[in-house]
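Trainee: So the chains spell out like this:
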Amino acid sequence: MNMEFSCQEAVPMIGAYLDGELSPARAALLRPHLLECSACRNVAADGRSLQRWFAPLRESVESGALAVAVPAGFSARVARRALAGDRGERGHRGDWTERGASAREEGRLLPFVLRLTAVAAAAALLLAFGVQLASRPQSAHLAADDRAALPLVQIQSELDRLNGVAPTPAAPATEESAEALGPRGKKRSHPAR
Amino acid sequence: MELATKDDLRLVRESLAGNQLSFQLLVERYETRMFALVRHYTRNPVEIEDIVQDTFLKAFTRLPTFQEHSSFYTWLCRIAINTALDFQKRLGRNPVRAVEDPELALSPDRIEGSQPTSGRIPAPDARLERDEVARITQGVLGELPEIFRTVLVLREFEELSYQDIADVLGISIGTVESRLFRARARFKERLMALHPEFGEGWTS
Ligand SMILES: [Zn+2]
Chain L
11 MNMEFSCQEA VPMIGAYLDG ELSPARAALL RPHLLECSAC RNVAADGRSL
61 QRWFAPLRES VESGALAVAV PAGFSARVAR RALAGDRGER GHRGDWTERG
111 ASAREEGRLL PFVLRLTAVA AAAALLLAFG VQLASRPQSA HLAADDRAAL
161 PLVQIQSELD RLNGVAPTPA APATEESAEA LGPRGKKRSH PAR
Chain U
1271 MELATKDDLR LVRESLAGNQ LSFQLLVERY ETRMFALVRH YTRNPVEIED
1321 IVQDTFLKAF TRLPTFQEHS SFYTWLCRIA INTALDFQKR LGRNPVRAVE
1371 DPELALSPDR IEGSQPTSGR IPAPDARLER DEVARITQGV LGELPEIFRT
1421 VLVLREFEEL SYQDIADVLG ISIGTVESRL FRARARFKER LMALHPEFGE
1471 GWTS
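Chains L and U supply the protein sequences, listed in that same order.
Heads up: the first sequence is residues 11 to 203, going by this note's numbering.
Heads up: the second sequence is residues 1271 to 1474, going by this note's numbering.
One thing to keep in mind: the hints can contain errors.
Unchecked claim - The calculated lysine to any residue pairs, modelled on SDA-like cross-linking and capped at a C-alpha distance of 20 angstroms, are:
no., chain 1, residue 1, chain 2, residue 2
1, U, 1328, L, 83
2, U, 1328, L, 95
3, U, 1328, L, 91
4, U, 1328, L, 93
5, U, 1276, U, 1340
6, U, 1276, U, 1314
7, U, 1328, L, 86
8, U, 1328, U, 1292
Don't read these hints as lab results, they were simulated from the structure.
Required output: the full structure, derived from the provided sequences and hints.
Mentor: Take a look at the structure:
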């Protein structure tokens, strides 16, 4: 094991490594450690598991199953207001509910929104305390739980793949090369890179 | 699915010249993604609509400051997130941040997951439907402090690069990396706390 490079240094870099966002110099530090350290390979495996929790959320929203419906005529309405000089910068509280309600039935919605707001605030407060109480015994329990490591073969092939894509380790990571390195096959392309 | 950048720029220029239809097309192009983004800050459809509308109205007034070499979408994300957070503040929400800034409160040796041996996270059970997994993930995200939720949403949901996230949040790439690390640790911790059943019976 490379004593110059500890698990404590390695672990926080693993996420960026899986994201294809680690600079070649730092990736070069991490790779040999991953090959030697099964605990850190577990962290990498966890990182991949985590990605599998997020992919369905993207897909469900994209497919419309979990999407928020855009109201009919939204873009026309917004464009009209924008060009009419409705700045959207007006400050004080109340603006929000007033404008939200104006598009609908004014009197009935407003009290509902305000009531909902109070309930949400109370729930969030409860949560804030609940989170702190609930988390401790749980992580202690989990810490004691030792599970199978990612097979060395798998991490090696991953490393080979990454190495193959980025043959010039001295070059700085550009967004393009970072995306090419990324573990996800499907990347949304964003305009105006 | 996405039209080219130069179309964004053309629409931006035409909007600046006072062309209402061009701005409408710009809104149309991004409205679905903005509604989905803002959904991470409030579940109330009325509020979501208000926030997205305000986002576009602000964007319109700020169009003269839009830098043509940057991404319109990233620029819009920044406005949307700030608008959503502003909105929470005005309604006196976000008590998590008021009580404790999670990033300050976590000293490095207290960060969950900084030790490679601390608990494992399972991949979603294969028997779960995609939409079920999505709802669980959404529920866990919704419980995270805003600072962690936002960075996770930008990375895992919007799939922005670290540089784009840094631009949206006005922070350094190094901060993006460390905040994402903490956010993922928190997500994992909350997932296991809310759904301990996923921690059991998980094999290799
Ligand atoms: Zn290690």
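Trainee: Does each hint fit the structure? Answer for all of them.
Mentor: Going through the hints against the structure:
Only pairs whose Cα atoms come within 20 angstroms are accepted, and residue 1328 of chain U paired with residue 83 of chain L is accepted, the gap being roughly 19 angstroms. Proximity of residue 1328 of chain U to residue 95 of chain L is assessed by CA-CA distance (about 11 angstroms); at most 20 angstroms being required, the pair is judged to hold. With a C-alpha separation of about 11 angstroms, the suggested pairing of residue 1328 of chain U with residue 91 of chain L holds against the 20 angstroms cut-off. Taking the CA atoms of residue 1328 of chain U and residue 93 of chain L, the gap is about 12 angstroms. The hint holds against a cut of 20 angstroms.
Taking the CA atoms of residue 1276 of chain U and residue 1340 of chain U, the gap is about 11 angstroms. The hint holds against a cut of 20 angstroms. A C-alpha spacing of about 35 angstroms is found between residue 1276 of chain U and residue 1314 of chain U, which places the hinted pair above 20 angstroms, so the restraint is violated. Between the alpha carbons of residue 1328 of chain U and residue 86 of chain L the distance comes to roughly 16 angstroms, so the proposed pair stays at or under 20 angstroms and holds. Only pairs whose Cα atoms come within 20 angstroms are accepted, and residue 1328 of chain U paired with residue 1292 of chain U is accepted, the gap being roughly 16 angstroms.
Violated hint for the displayed structure: number 6, the only one.
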